[in-house]
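Participant: In mature numbering (1 follows the signal peptide of the UniProt record, and there is no 0), the protein residues as written are -19 to -1, 1 to 493.
Keep in mind that the hints were calculated from the coordinates and are not lab data. Incorrect hints may have been included.
Quick list of in silico lysine-lysine cross-link-like pairs, PhoX-like style, CA-CA up to 25 angstroms [claimed, not checked]:
#1 LYS137 <-> LYS170
#2 LYS152 <-> LYS463
#3 LYS360 <-> LYS45
#4 LYS144 <-> LYS470
#5 LYS119 <-> LYS217
#6 LYS87 <-> LYS217
#7 LYS170 <-> LYS152
#8 LYS257 <-> LYS77
#9 LYS465 <-> LYS3
#10 LYS119 <-> LYS313
#11 LYS141 <-> LYS119
#12 LYS119 <-> LYS336
#13 LYS130 <-> LYS234
#14 LYS87 <-> LYS232
#15 LYS137 <-> LYS319
#16 LYS110 <-> LYS232
#17 LYS232 <-> LYS220
#18 LYS130 <-> LYS319
#19 LYS234 <-> LYS257
#20 LYS170 <-> LYS220
#21 LYS336 <-> LYS87
#22 LYS319 <-> LYS336
#23 LYS4 <-> LYS360
#24 LYS77 <-> LYS360
#25 LYS313 <-> LYS137
Restraint ranges, calculated between C-beta atoms of paired labels, are given here [what the hints assert, rightly or not]:
#26 ASP221 <-> ALA425: 26 to 34 angstroms
#27 GLN229 <-> ASP332: 32 to 40 angstroms
#28 ASP364 <-> LEU256: 43 to 51 angstroms
#29 LYS465 <-> ASN203: 14 to 22 angstroms
#30 ILE104 <-> ARG50: 44 to 52 angstroms
#31 GLY394 <-> ASP326: 34 to 42 angstroms
#32 ASP479 <-> GLY51: 47 to 55 angstroms
#33 SER237 <-> ARG50: 52 to 60 angstroms
#34 ALA425 <-> PRO368: 46 to 54 angstroms
#35 ASP84 <-> GLN215: 20 to 28 angstroms
#36 HIS202 <-> GLN308: 18 to 26 angstroms
#37 GLY394 <-> GLN214: 48 to 56 angstroms
The C-beta atom is built at its ideal place from N, Cα and C for all residues, glycine as well.
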Amino acid sequence: MLVQLILCIVVALWLLSQRYKKKEMMKVWEQLKNDYTALPLIGHAYMFFGSQEERMKTFQRLGKESTERGGLLALWQGSRLYVMISEPVMAEYVLKTCLEKDDILKCSRFLVGNGSVFAPVSIWRPRRKILAPTFSPKNLTHFVDIFSKQSSYMVKYLGKAAKTGNFSIWKYINTYSMDSICETTLGVKVNAQGNSEQPFLRAFEIICRLDSSRFCQPWLHNDTVYKMMPQYQQHKDSKDFLCNFIDQVIKSKRHSLEEQKDSTEADQNAHRNGLKSFLELLIESSGGNKGYTDLELQEETLVLVLAGTDTSAVGVAFTSVMLSRHQDVQEKVYEELKEVFGDSDRPIVADDLPKLKYLEAVIKETMRLYPPVPLIVRKVDKDVTLPTGLTLVKNCGIVINIWAVHRNPLYWGDDADIFRPERFIDTPIKHPAAFMAFSHGPRACIGYQYATMSMKTATANLLRHFRLRPAEPTDPTYTHEKNKPLRVKFDVMMKDMDNFTVQLEPRCKLIL
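Put together the whole structure using the sequences plus the hints.
Facilitator: Below, the structure written as structure tokens:
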């Protein structure tokens, strides 16, 4: 009887707290409400049902409407109010003020645990201080040799697909990115490009697919419920494989670093001046054996592998498709490459990358129109008053619609939907937060320079050897228009519905 009474009291208090929270959120809703019907229990969640493409279309439509309303739009997800922002000034203010990741992202921590990308602020802040020095320009410069080598392998494998008609370039770019990130982060060669069934790659792909599926199905966010689902075991098995693989690498690196302490001074100097993986740098910068635990190292390296592989791969893949559609832009990039490399087939080195300014503008313009991560979700952990005067109350959720921010005509002009790389050369960006392909504010992507260097190297090597052509339409009624928007879907990263299909023509005989 006593237990039942206590349970009733607990439930009653919880219901009262939820009612109070919703009452406070209703004050915000009254100022931002719209004509979309909010259903009992689920609110506006029904709007995001359907396929991945339909879900992305919904985010695009809502982002456009948010811009038309001055940059703000509110929606209910169950009993929680989410405010969508598509205006850079407000987005910047929120991203600098509200640092906690939203609860909806908790399910994404299934693999990376407290890895800094999803960690609470109390864990993220001290880890960021240790991570930051490992991304120094000196360290990143060393990695260009790996990008160059791995992208040369990519060119070799692409040579077999050239002049064969339509094909998906995705697997070639994705495996290049995987090989590069594993060698730079872990100091391990997984050879994903040479083996599409490589166990590490397969486990990674399964994790990404199941993470995406779970994220878009709110009823699977609860761990207890998810563990009863048939896909849970496959998810767990893939996670265990990745964690065990990385754990073995961590133990091996620790052992190697310990052995170096007992080596001669000359050997120590040689290692100090040589190439070190992010993992080795992280072990040293955190304090060696007195620093990060194996679990903390595992979490951070998993974040680097997960975020680094997909972001770079999606960026290069979208860039390839856009260049195939815009032959004039592709020719300008090729002329720039000729100025830097001439007729030489020498490897790309770090000093080459700053010279490829137009190529960088092309990559940025592609990521403006097709940001790999189209949304940022944060939690309001204390009342926040926006520059407009609107107060977002504690417990609200915030969605920064990057897709809409990047197409806001007030900041990008009337041609905001048009692919024009020159906009990143001719005029300065009107606001720092108008372009946030790598997020913005204190929790922005720490590896944006790494990703940019990887993408420039891969794209440069690709265009030095091949001419990209648009895919031949399979629908006879289809008319090719270079400025026609690509069909995209909402995945862990935003992806092309046509799986990045292009055609390739060799520029010269490949000697590899």
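Participant: Decide, hint by hint, whether the structure agrees.
Facilitator: The hints, checked one at a time:
1. LYS137 <-> LYS170: holds, 17 angstroms
2. LYS152 <-> LYS463: OK: LYS152 and LYS463 at ~24 angstroms, within 25 angstroms.
3. LYS360 <-> LYS45: holds, 22 angstroms
4. LYS144 <-> LYS470: Roughly 28 angstroms between the alpha carbons, so the hint for LYS144 and LYS470 is violated.
5. LYS119 <-> LYS217: violated, 37 angstroms
6. LYS87 <-> LYS217: holds, 16 angstroms
7. LYS170 <-> LYS152: holds, 17 angstroms
8. LYS257 <-> LYS77: violated, 33 angstroms
9. LYS465 <-> LYS3: Not OK: LYS465 and LYS3 at ~42 angstroms, beyond 25 angstroms, violated.
10. LYS119 <-> LYS313: Since the Cα atoms of LYS119 and LYS313 sit roughly 30 angstroms apart, the hinted pair is violated (cutoff 25 angstroms).
11. LYS141 <-> LYS119: violated, 36 angstroms
12. LYS119 <-> LYS336: holds, 18 angstroms
13. LYS130 <-> LYS234: holds, 23 angstroms
14. LYS87 <-> LYS232: Given that 25 angstroms is the threshold and the Cα spacing comes to 28 angstroms, the pair is violated.
15. LYS137 <-> LYS319: holds, 20 angstroms
16. LYS110 <-> LYS232: holds, 23 angstroms
17. LYS232 <-> LYS220: holds, 18 angstroms
18. LYS130 <-> LYS319: Holds - the C-alpha atoms of LYS319 and LYS130 are around 20 angstroms apart, at most 25 angstroms.
19. LYS234 <-> LYS257: Holds. LYS234 to LYS257 sits at ~10 angstroms (cutoff 25 angstroms).
20. LYS170 <-> LYS220: With Cα atoms ~20 angstroms apart, LYS170 and LYS220 stay inside 25 angstroms; holds.
21. LYS336 <-> LYS87: Answer violated: LYS336 to LYS87 is near 41 angstroms, above 25 angstroms.
22. LYS319 <-> LYS336: holds, 11 angstroms
23. LYS4 <-> LYS360: holds, 17 angstroms
24. LYS77 <-> LYS360: holds, 12 angstroms
25. LYS313 <-> LYS137: holds, 24 angstroms
26. ASP221 <-> ALA425: 26 to 34 angstroms: About 31 angstroms separates the Cβ atoms of ASP221 and ALA425, which means 26 to 34 angstroms holds.
27. GLN229 <-> ASP332: 32 to 40 angstroms: About 36 angstroms separates the Cβ atoms of GLN229 and ASP332, which means 32 to 40 angstroms holds.
28. ASP364 <-> LEU256: 43 to 51 angstroms: Taking Cβ atoms as reference, ASP364 and LEU256 lie about 49 angstroms apart, which means the hint holds.
29. LYS465 <-> ASN203: 14 to 22 angstroms: This hint is violated: roughly 41 angstroms between Cβ atoms.
30. ILE104 <-> ARG50: 44 to 52 angstroms: Given a distance of about 36 angstroms, which is not inside 44 to 52 angstroms, the answer is violated.
31. GLY394 <-> ASP326: 34 to 42 angstroms: Given range 34 to 42 angstroms: holds, Cβ gap about 40 angstroms.
32. ASP479 <-> GLY51: 47 to 55 angstroms: violated, 35 angstroms
33. SER237 <-> ARG50: 52 to 60 angstroms: Cβ of SER237 to Cβ of ARG50: about 57 angstroms, so the range 52 to 60 angstroms holds.
34. ALA425 <-> PRO368: 46 to 54 angstroms: Cβ of ALA425 to Cβ of PRO368: about 20 angstroms, so the range 46 to 54 angstroms is violated.
35. ASP84 <-> GLN215: 20 to 28 angstroms: Holds: the Cβ-Cβ distance is about 25 angstroms, inside 20 to 28 angstroms.
36. HIS202 <-> GLN308: 18 to 26 angstroms: Since HIS202 and GLN308 have Cβ atoms about 45 angstroms apart, the given range 18 to 26 angstroms is violated.
37. GLY394 <-> GLN214: 48 to 56 angstroms: Hint holds: Cβ distance 51 angstroms, inside 48 to 56 angstroms.
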